[in-house]
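Visitor: Spelled out, the chains give:
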Amino acid sequence: MSDFACLLLPLDASPGSARAADTALWLAERLGATLHVLHATTHPLPAAEALERLRAKGAGRAHVVVHQPSGDPQAAVLEAIQTHRVDLVVMSARGASLQTGADTARALGGVACAVLERTPVPVVLLPSRHRAPLPWTSMLAAASGEPAADEALDAAARMAASLRLRVTVVHIEDGDAQAPALGAYADAPHHEVPKRFEHLVHRGLTRRTAEEAHCVDEVLLRRGDAATVLLAEAAQRHSSVVALGWRGALGAGRAQVFKRLLLEAECALLVVRRPNHAARARLKVGSEIDDG
Amino acid sequence: MSAVLAGVSLAFDAAIFDMDGVLTRTARLHAAAWKALFDDLLRRREGEGFRPFDEQADYRAYVDGKPRREGVRSFLRARGIDLDGAAQQALAQRKDALFERALHAQGVETFASSLALVRALRERGVKTAVVTSSRHGREVLAAAGIDALFDARLDGIDLDERGLAGKPDPDMFVAAVEALQSTPARALVFEDAVAGVQAGRRGGFGLVVGVDRGDNAQALAQGGADLVIGDLGELDVQRLDDAFHARQETMAWEVEEEGYDPARERQMETLFAVGNGYLGVRGALDVPPPGSQCDLFVAGIYDRKRPDLPYSEIEFLAPERGEDPYAELVSLPFPFVLAAAVDGEALDFAGPHGIELRRTLDLKRGVLEIDALYETGAGRRTRVRTRRCASLADPHLLLQDALATAENHFAEVTLSASLEQPALAQRHPHLERVEHAHDGDVEIARYATRASGFEICLASRVWREGEAMRRLVSVFTSRDGPDPRAAALGHVRARAQRFDALMAAHEAAWAAFWQRADIRVPGRPSVEQALRFGSYHLRLPAGDDPRVSIGARALTGRAYEGHVFWDVEIFMLPFHLHTDPARARTLLLFRHATLEGARRRARELGQRGACFAWESNIAGDDVTPTKIVLKSSGKEIPIFTGRQQIHVTADVAYAVWRYWDATQDEDFLAGPGAQILFETARFWAGRTVPDGPRRRIRDVVGPDEYHHGVTDNAYTNWMARFNLERAAWAAQRLNVHAAEAQEWQGVAAALHCPQPGADGVIEQFEGFFELADHPLSRQERFKAPVARLFDWERVNRMKVIKQADVLMLPMLFPDEFSDAVVAANYRYYEPLTDHGSSLSPAVHAAIAARLGFEDDAQRYWKESLWLDLSNKMDNSTLGIHAAAMGGTWQALVFGWLGVRFGDGGPRIDPLAAQRLPPSWRRVALTLAWRGRSYPLEVTRP
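Protein chains in written order, with our numbering: chain Z, 1 to 292; chain F, 293 to 1233.
Careful, some of the hints might be misleading.
Stated by the list, open to error - From the structure, some residues in chain F lie toward chain Z, with a derived Cβ separation under 7 Å:
#1 Phe608
#2 Ile920
#3 Ser1130
#4 Thr1169
The hints are simulated quantities; they were obtained by calculation from the structure and are not laboratory data.
These numbers were taken from a predicted model, which means no experiment stands behind them.
Think of the CB as a built atom: it goes at the ideal place given N, C-alpha and C, for glycine as much as any other residue.
Construct all of the structure, not just a fragment, from the sequences and the given hints.
Guide: Structure, rendered in structure tokens:
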């Protein structure tokens, strides 16, 4: 059994939300997971009928449980994530809100926002332009040296190992303007840069077995705007999914790369949030000892 | 600011007291309430035969000092009782009600001696706070009538409201010290619970006092109490101040890591390395977690380059490096691997059982201690403590001991050691296994390198002494003699059972080293610690074998593949020269031993004499690649340093002269020293080219590696001239090569060495002043973007430099330049420098300190001093920066202190006292000069 034993698919009876159903069912089957399908409604139906109404037919061999609570969909989804100890949420970036035209400037519906902002659980998100076919064939993961990216790479490797996908890791240098993730003091760059580059990937794989780490079969260095490069690489490689870490804030000016991928990506996104309690190791040095 | 009332200042200004058990005697009420609660529960579940809650043992082990719900959870887990959150919450509430009832019925007792100490501290201006997990904190303080004794009060209610984690997390203590407007480093913590003592230790508090109210002293000390007392009446303010200073002294001798972070593990493995010149072992955990780079390196054991692991494809390729048999330092299997298990369940800190980890490098003794606490099924806690070292007294010897203690259970704990290396091909691709066998009580592992044909033998012997496991590992290679197996076997057998004596000899060797090398900065433990850490790591790779030198990351990491650069002669050597000149001699003998390689290289370059390799292998051959290629795009980036950074040849000659100057070692000068001077001078005589009456040096790379193919690099030309002059001087002195000496003098005199212009600035190379301006952004300084590598052509045309280049000259020839000229060059070049090299900050610190540019001097000094040893940066993942450590030492000695050598020995610049950093009262050190040791000190007036 994989680390993703329990999946959640929130639906709202709109064609928008149903676009995630095929992916969710496929993932559940391939991961050997239980798929909880959740539809908040005041008119519950028998399970099979409900799935049909929700355009989520073809369960195949996946183990599917249907939940139809009444009440606020956001609250219901958040509660379900807790109650069922959900390991992965699979959802469309926008469901009914796409049809109603509400807030069209946003690429994310209310339920997706709530899940992303208020839970730490990894999410497979299908952006509105998603059209990558099933089965998934390859994964692209962005490495930046930030804890969120490490976490995303970890999730990517876990998922890729279970699905037998190859992972291409790409690190994108932003050119002169940005502080480089590859760090300070590249004394002899032909020694430092390759080693640091390897470490950038290693950081995200420290909790993985050698076998899982071997899913990563390619590591690229690219320069330019991160979102542009990721979109181009994903398109060129026909990546099924792009794994991306984010810091957990969607407000104005935040999560720019994520937002652009939401608008433009044609593949799925595996979105992983920075861990709340990052592992802590402290050295008793410098100002930890005196503050002179 | 320290508390200063009553005339004498104290080293601390804040004190934080736990409440129950330290100030008040509510522990008894709490214990009784817990007992009533749990006994009732246990009786209902298990009937009358239940094992009751023990008011002593269970109280201390599971509930003492913890927030209520945590206490409930912890005890239930220990008894294997599984209750849901709601039921646990109900128990916690009932405990609360039981306690409240008792509080009102019985009132609060206080410890008079504790309150007296609180008052005495307050009289001396120390701010006080009380911190308790109890939600009744304020009630209890009020009931006892002592709330006015504290400037801040935090209790269980604050804990919940502010979302602070309970003890042993340091959150509450940190919040309290912030409320007192102090810092953990300046604050005391008084605690009677182990969880509280741990919180004080983890929070980095200046002094943690454990109050033992009965049979708990050992646990408190183990939890991290610096001082354990039975009652606060045993203390007064003076004793606390003494203890605080003593703790600072201890901290300044050790580097401690608390906690575990997989992403930083490789950095920690680097910092906590042990070694002795013959070998180095990274500071990995005894049970290395997956992904650990737990390497053993033996100086001189190199092999052909192997593809990078573990990823099959990596972006960067250096295509032409396949064939050199000594291209990279070999990673050998970690010799300290232990396996520990509880009831058959393996302990691995990175796995699910790791609870607490403390890794402490004792710099004074050269010993690494690791203390790991694990929790396995049913709440069984097991502590594994280990020590290890690489004997400084016996370079082939490694020592390790380990003790596993069951803290709260009787399950079987096993501990074993093995040289077995299951994934050899994957983890150590240079090696073939020759043998893994047992010979009596000795385990033997023997390997051979694939291309260079070295054989390496490890022999391990394990035995028990009481509860402890003790182990010796002997390491020999075919470079030591024809039969490393027999040597290792004989070595480990001859030393069996003498662990303590062997450890004592090792510690004595370190003590002797510190007598020569220690630098005191009283009152600044963090500075002393960082300086000692640097000296420790400078000592680790310096051995007795003239066939090897020190790689850029010493014996602490795979990066730089063990290649030897100018770092050794220019940055590290002065430290050895003035602390242990024999080491400096050994390092120079390596250059002598590789003269043949340097001659080969000169011939390849169409020159006479000897040209040392920019990146040298053990044979003296250059192993710098000429290009790297980006695999995915095919883009090629040329590397010019190998062919053009020829100043290394003069750097070696400069070091020869420095060594002779500092030791007057005539044998060395007459033999190896002169040979190096002559052969390098022959190289320069040909490498300089005539241009009218002058001679010039074209097509070089100076220390600033952003510019290639330049003519008359000031640094290179000055160094070459010095090389030529010293060779001529030596020839005259030894009465040899008279004709050549004359030629060298002539070339030196004609060699164009760029001089200060009208504004005092020396042009770095011909045409530098005409390059395009490139105003450096803040982000680019200290964090030179990788773009510098890709845009090498553009960078070559810009006025941006990687590191001190012209500024190296006043560093190496301090008396050749007036302060005005040095200042002019500093002001010109410093703003153009992005410090893309770790060698740069130390040189800037030294020059700024000499000039009295206080802010710059301090900024660069701190940058360099804490370059590796920092929580903020991740610089040391690939290995320590030995040259930056040597540079830091030089910045202190030659920059801040302005030391010069004369007939009377070393003397400190009389102005040094005024320009010391403001927080330094005094600096004391010892320098070796011409056969004597000179204690030196400077005190701020």
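Visitor: Compare the structure with each hint and give your call.
Guide: Structure-based check of all given hints:
Of the supplied interface hints, the one on Phe608/F holds, with its beta-carbon coming within about 4 Å of a beta-carbon of chain Z, less than 7 Å. Taken as an interface hint, Ile920/F checks out: its beta carbon lies about 5 Å from the nearest beta carbon of chain Z, inside 7 Å. The interface hint given for Ser1130/F holds, since its Cβ lies 4 Å from the closest Cβ of chain Z, which is under the 7 Å cut-off. For Thr1169/F, the interface hint holds, since its Cβ comes within 7 Å of a Cβ in chain Z; the closest pair sits about 5 Å apart.
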